[in-house]
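Protein chains in written order, with this note's numbering: chain A, 1 to 213; chain B, 1 to 213; chain C, 1 to 213; chain D, 1 to 213; chain E, 1 to 213; chain F, 1 to 213; chain G, 1 to 213; chain H, 1 to 213.
These aren't lab readings, by the way, just hints derived from the structure by calculation. Since we're looking at a predicted model, the values are computed, not measured. We put the CB at the ideal spot given by N, CA and C, even for glycine. Wrong hints could be hidden among the right ones.
[Unchecked claim] To give an idea of the chain H side of the interface with chain E (calculated C-beta under 10 Å), a few residues: (1) Gly4; (2) Pro6; (3) Ala82; (4) Gly111; (5) Val112; (6) Leu118; (7) Asn121; (8) Met137; (9) Gly139; (10) Ala140; (11) Ser150; (12) Ala164; (13) Ala171; (14) Asn177; (15) Ala180.
Here is how the chains run, residue by residue.
There are 8 protein chains.
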Amino acid sequence: KRQGFPETIYGEGKTAEQITTIITAIQAHGDDILVTRISGEKATEVRSTHPELIYNEIAEILYTRNERKNRFANGFIAVLCAGTSDLRVAEEAAVTAEAFGCEVRRFYDVGVAGIHRLLDNIEEIQQATVSITVAGMEGALPSVVGGLVSHPVIAVPTSVGYGANFNGLSALLTMLNSCASGISVVNIDNGYGAAYSAALIHRLAQPTEEGQS
Amino acid sequence: KRQGFPETIYGEGKTAEQITTIITAIQAHGDDILVTRISGEKATEVRSTHPELIYNEIAEILYTRNERKNRFANGFIAVLCAGTSDLRVAEEAAVTAEAFGCEVRRFYDVGVAGIHRLLDNIEEIQQATVSITVAGMEGALPSVVGGLVSHPVIAVPTSVGYGANFNGLSALLTMLNSCASGISVVNIDNGYGAAYSAALIHRLAQPTEEGQS
Amino acid sequence: KRQGFPETIYGEGKTAEQITTIITAIQAHGDDILVTRISGEKATEVRSTHPELIYNEIAEILYTRNERKNRFANGFIAVLCAGTSDLRVAEEAAVTAEAFGCEVRRFYDVGVAGIHRLLDNIEEIQQATVSITVAGMEGALPSVVGGLVSHPVIAVPTSVGYGANFNGLSALLTMLNSCASGISVVNIDNGYGAAYSAALIHRLAQPTEEGQS
Amino acid sequence: KRQGFPETIYGEGKTAEQITTIITAIQAHGDDILVTRISGEKATEVRSTHPELIYNEIAEILYTRNERKNRFANGFIAVLCAGTSDLRVAEEAAVTAEAFGCEVRRFYDVGVAGIHRLLDNIEEIQQATVSITVAGMEGALPSVVGGLVSHPVIAVPTSVGYGANFNGLSALLTMLNSCASGISVVNIDNGYGAAYSAALIHRLAQPTEEGQS
Amino acid sequence: KRQGFPETIYGEGKTAEQITTIITAIQAHGDDILVTRISGEKATEVRSTHPELIYNEIAEILYTRNERKNRFANGFIAVLCAGTSDLRVAEEAAVTAEAFGCEVRRFYDVGVAGIHRLLDNIEEIQQATVSITVAGMEGALPSVVGGLVSHPVIAVPTSVGYGANFNGLSALLTMLNSCASGISVVNIDNGYGAAYSAALIHRLAQPTEEGQS
Amino acid sequence: KRQGFPETIYGEGKTAEQITTIITAIQAHGDDILVTRISGEKATEVRSTHPELIYNEIAEILYTRNERKNRFANGFIAVLCAGTSDLRVAEEAAVTAEAFGCEVRRFYDVGVAGIHRLLDNIEEIQQATVSITVAGMEGALPSVVGGLVSHPVIAVPTSVGYGANFNGLSALLTMLNSCASGISVVNIDNGYGAAYSAALIHRLAQPTEEGQS
Amino acid sequence: KRQGFPETIYGEGKTAEQITTIITAIQAHGDDILVTRISGEKATEVRSTHPELIYNEIAEILYTRNERKNRFANGFIAVLCAGTSDLRVAEEAAVTAEAFGCEVRRFYDVGVAGIHRLLDNIEEIQQATVSITVAGMEGALPSVVGGLVSHPVIAVPTSVGYGANFNGLSALLTMLNSCASGISVVNIDNGYGAAYSAALIHRLAQPTEEGQS
Amino acid sequence: KRQGFPETIYGEGKTAEQITTIITAIQAHGDDILVTRISGEKATEVRSTHPELIYNEIAEILYTRNERKNRFANGFIAVLCAGTSDLRVAEEAAVTAEAFGCEVRRFYDVGVAGIHRLLDNIEEIQQATVSITVAGMEGALPSVVGGLVSHPVIAVPTSVGYGANFNGLSALLTMLNSCASGISVVNIDNGYGAAYSAALIHRLAQPTEEGQS
Ligand SMILES: Nc1ncnc2c1ncn2[C@@H]1O[C@H](COP(=O)(O)O)[C@@H](O)[C@H]1O
Ligand SMILES: Nc1ncnc2c1ncn2[C@@H]1O[C@H](COP(=O)(O)O)[C@@H](O)[C@H]1O
Ligand SMILES: Nc1ncnc2c1ncn2[C@@H]1O[C@H](COP(=O)(O)O)[C@@H](O)[C@H]1O
Ligand SMILES: Nc1ncnc2c1ncn2[C@@H]1O[C@H](COP(=O)(O)O)[C@@H](O)[C@H]1O
Ligand SMILES: [Mg+2]
Ligand SMILES: [Mg+2]
Ligand SMILES: [Mg+2]
Ligand SMILES: [Mg+2]
Ligand SMILES: [Mg+2]
Ligand SMILES: [Mg+2]
Ligand SMILES: [Mg+2]
Ligand SMILES: [Mg+2]
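Given only the sequences and the hints, what does the whole structure look like? Please build it.
Put into structure tokens, the structure is as follows:
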């Protein structure tokens, strides 16, 4: 069993029928479901046979309502994003982490071009066990956050931007070269992967009997 | 104070004199020292006035003998590397993590082209709180490890290789695209950064009174 | 005559009419046909005048039912792929190799993030004359396979992935930098080319009278 | 005459003899001199025949003592840099701007990983007519500064860093993609060019009779 | 308040409804509006509820008729472009600068392959406070202009071209490497950003009482 | 045992002492030795304690005189190269293949800019079991060869060239995109890897009793 | 007047109306017309008002029937292409050269993977004043041709291919690195530019009174 | 015989001994010699046995004094360069063309940042049969020249520059994307190749009896 987390299906490039078939197979083993990168249209089709699943349309995630929500009750994961265009990826991270049983607090629109919005929230952010920082364009957010917190930071570059942004390459390189310490990076737009790593980290911060599923 | 970790100096491009001056200034505040990327020659020169510092010549690190060694006594960090040419970076990670107060266990020469050496050690590796996987050339090690353990994996691409390796770009892209979950990546050859993130994660796994310095 | 293999038409960018015309011309010389990269729609149109041709919709290949099937009867070619998204390319390779007269055994969904599925099949794979390993994203499969078998391995990177995958560049670089020996690489998504090379190799393993057409 | 600025010689790749010859020719027209990218060794050689020139060894600039210093007396140019390794480029910018007759105020070591050092100085920086922001590695400084000031910002990426920094490409892309407004960018390590643009801008802020030479 | 300039909305990727909502919110604070990258279709929809806004269909900008037009009355900004395919970006710059209160003079179709058209207009261009030079393909215009004027030049590469143009990379690199002085560069196709920087510079050339809003 | 081939040491970046130590360890198991990328100077040092090893100074290979030379006696491997600057890589391939027990025939200086030299030799080349084609600069040789022979072709790009050659990238891309069939590619300058793959293929062409070690 | 050649309009990105307007303006000066990259649909629309223009649908060129056809009567330009997919670009070159008054001879489908088709025609090709060689994928054709002829060769890379072809980059680099002499290169898919250069060269080969218009 | 031109040796990477051996072999056939990319030191060594050869130290070319100098007496080749740092490549082109029997006129230091120096010479340049334009950094010179002359232009990018110049990539892309017509491009720093193409073109402009050697 994958660390007690729901079984995940990568929705992109799969038809609603294919997704439905996989879900049925997984549920036969009694496992929870998390489908990422699934459009509203396909989700509606899948839900016609699986009405028990919830669809989050910003995150584009379809998942099992999780009774074990917040089973990792000690502390929270902070999810930050720079601008409104990074929302889909930030929500992919946030909803995934919640589906994995973590408490999430969202700090959105805290990009570095308006540094005071970040500073206004920094004391709460510092209480998190781990931060997920999502940013496109120049991707500078993790560097500033990394300098202000003393917990691990997972950085997620997004493909938001144009021109010399090269579909997220700019933000990716920024994050890999960060001069702040304690930052590690996942693939462009990979909100899911960031949440997975963050959840594993968050679980370590739990009292043993709960944390180790 | 930076999370109770020693003050770090990036030695590359600094002269022995410059490093000595910075060390003296930091020690005036009573802090421990960690100098990375310092050649044997420069280290010898610095040690003529600072004989209390220890030099690790594989890691190319000069640092304060840390009485607080293993202050994070719960569990260990696994440091894995693929081949002998990745040794410098792997040791930069391992020695840094030890200087930060973590126990480290080394699993070297476990590259994927000889998968059985990795499999022979996997049960012990699975006991770690977090793994640091160092690999150059095709950089496939973290993908295999990520599939076998259920703790966070920090992947470090190295610039070891030639031709289409493009100074580590190959291994970097491999790791960012890993289809295993729970992997996040630091810059090429950044053993120090990997250890820093790993130490922050490892600290979360400590009973509160010790872990939160 | 091209080594006794069917005449191949690259379907991409050709209309159904153009393909039909070429087929008719080739058949006038009595040759077998293999059309790659032809969509189901175009295939249906071509088959309205050439019902004798078979269409494989996963491989997107249209070809002559080959009486000489398995004319290279000694041993088999192993076709491996990492994930279900690599299926089209893997099948392009497998169906091409079969159309060329080779026996093919398929080992699908044996990606390195779940190494045990590969290990469970490795003894049979080791019996092959040559392996074709198809993988997208990080493309680590050939490295692991290359370390476990002692026959030639043809590696096919696929364009499956997103972000820092850069349309298959990531997997391509991984495979070119493999630290396992006996691996050579074809273009991204080039299942056809892999099968062609593999078939030439497989033919060498035949008793002379059959192998040299 | 180039806007009343000294005649500039790009020292890189020229011998001390070649530089000396060019200086002599320029001085014959009564013009001031500014030699950039000239090593200490070459500068010493040139100064043996041109002792009237001043050498700044951090900036690696050799220039005429300018009696017209501060002829653009209204306001100042702020030169900021992220870390000590960016010093050479920052000083190339600062010394050039001074040689061009501008007042310069330096704000060094104000990188975004320690945002408070920048914030501590921001009120004085806001008084500048124009800022030059120099940063290597992730190059995030201009984005933060651009959000805090209401004058034009010239961003200079430096080649400081390693790995995925790709000799300054990372910082260059960051700056071109900045989501702060009022930022324009010069070539990697081009402190001279930044100062030239800044001086032209600064001159516009002068009362007409002085500003328009 | 952002330097007395209108509040700007980046229209790309936002629906007409989303844009309308943001406009209403901004107008509640009494601010002027500038929406960039908004298609004619979306603009028509927004104007059905906000008929007071003007739409410029070449610039693809929707904005408030500005009574303060030309409030920066001293001098003008020159906007130059190389060919007719650069028109959209040039107009994005020109209309933005006008909306910001600057006088703009347009010099279009003055590409370097027909140098005399540029030379015929150069005396008027030299009178500007600042030039915005827009060019795609080889992007050589700023270099020639920079050599002929003694005011700051903002260079805007466009994505116009094909083949080895790589979506504007060619023009971007050309401009960053210009051997003319006084040139700084913004992102590919970023007419808005060029106008913003130019307006900040132009404002410095105003008599203090008007210029400093 | 690695398919009965000698144990290989990659000499680059290892000292003569390190190489000597490894050799001694391998010989203790009775295995043959092949050291690639070892300079003349280092080889001389190693041979002072291991005089039984032979050094080939063009190939920069040090190896055990192999009594089993030509144990794969059926047919030969053709090694082709385009120009004299590709010699080191071609010889690395040729000497390796010989050390592995294969007969090698060399066809050097048969670059496509003088196509007749290739055509003059093509009938003999067609008799090979497999060809290794080595080429730098534009790397066109494998395409022409692939069209003329009906056996597998291993293509080796070299880093020979300058400018837009980008250290072998040009030749690498050429070979991956070859429109001839039956070609597969190894890393830039990887003569060793080409020989390894070729030897595995060549072995398949042997009568079973000899070929399968 | 542009060397007596027709006035050229680049059709891409222009509407039929825009093209019609430009044509009318040019014809008012009595000049001939050449519109490149114009689709059949747009051409039909333009011809509804300009029926005197001829449309070549493979070349996607619309142009004035030129009474001066073959005014450069001495010799011919050879246009070669590698495969059928390069036809559009080859025809763009051929039709342009003809519209410029040159005789053109076509040698199509002479790619290097089937070298004998090229060799069968080489004697006639050698009689040309200049060759235009068009090739996609690996782009090796110009190298082979350059070695066989003693006149100038213009090389045109095409964007035909997939994967590591990177939209023509592969063929472009191949041609720039050609080890044959007398080759110069134009942009990817730029058949027009190749024809323009070739026509200028061809004109030099005319007896003075005709050649110098 | 290669078009009656001297036999050329590429000196880079060859020792003085190797060059001497090749020269002796070529002279045995009575051919003239041209060695490119040979340092002063190596040239001195070669001339100790071949004192009849002339060394041009700017061009770094060693060659046979050619009695046939100016055998192509009709017209001249114009060699232009942008700045003094492009001199080596410009002279490689000029000296090669002269050694091939062409008259050459040099127009140096006519970069586009000081357009009037180019315009002052343009009438003479227009008389050339063909121009070679050499430029580094932004490489804009060929575009301006191409718009002013009506003969073929060969463009040579140089690797002169730093930062975003990427060793000549910037100038190369600029030239490939030129919007002026009649321009074709050779490899970065390839003065030799430009001269070769130019000489072939120049020869076409000769009265037949002389031109066709
Ligand atoms: N090996 C390393 N790789 C990357 N960053 C490092 C390394 N060593 C130290 N650092 C960072 O560099 C900072 C010190 O830089 P400096 O002030 O230039 O000596 C430390 O605080 C670390 O954040
Ligand atoms: N899927 C494929 N990928 C790469 N090359 C192919 C593929 N299918 C066919 N080819 C090659 O394309 C040639 C036919 O191209 P064409 O004449 O354009 O149809 C065949 O002879 C093969 O060499
Ligand atoms: N065309 C443009 N190009 C680049 N940035 C722009 C453009 N238009 C607006 N912006 C920036 O985008 C911000 C608004 O972004 P948003 O809040 O996403 O609408 C503005 O404040 C500007 O800084
Ligand atoms: N400077 C140069 N740049 C590019 N190619 C050159 C140069 N000089 C000589 N060549 C080519 O290199 C060939 C000689 O190469 P090689 O036999 O290695 O000396 C000549 O025939 C030319 O085609
Ligand atoms: Mg931190
Ligand atoms: Mg795992
Ligand atoms: Mg193997
Ligand atoms: Mg600002
Ligand atoms: Mg200027
Ligand atoms: Mg073949
Ligand atoms: Mg030739
Ligand atoms: Mg012209």
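Discussion item. Name the hints, by number, that the structure is in violation of.
Written reply: 1, 2, 7 and 11
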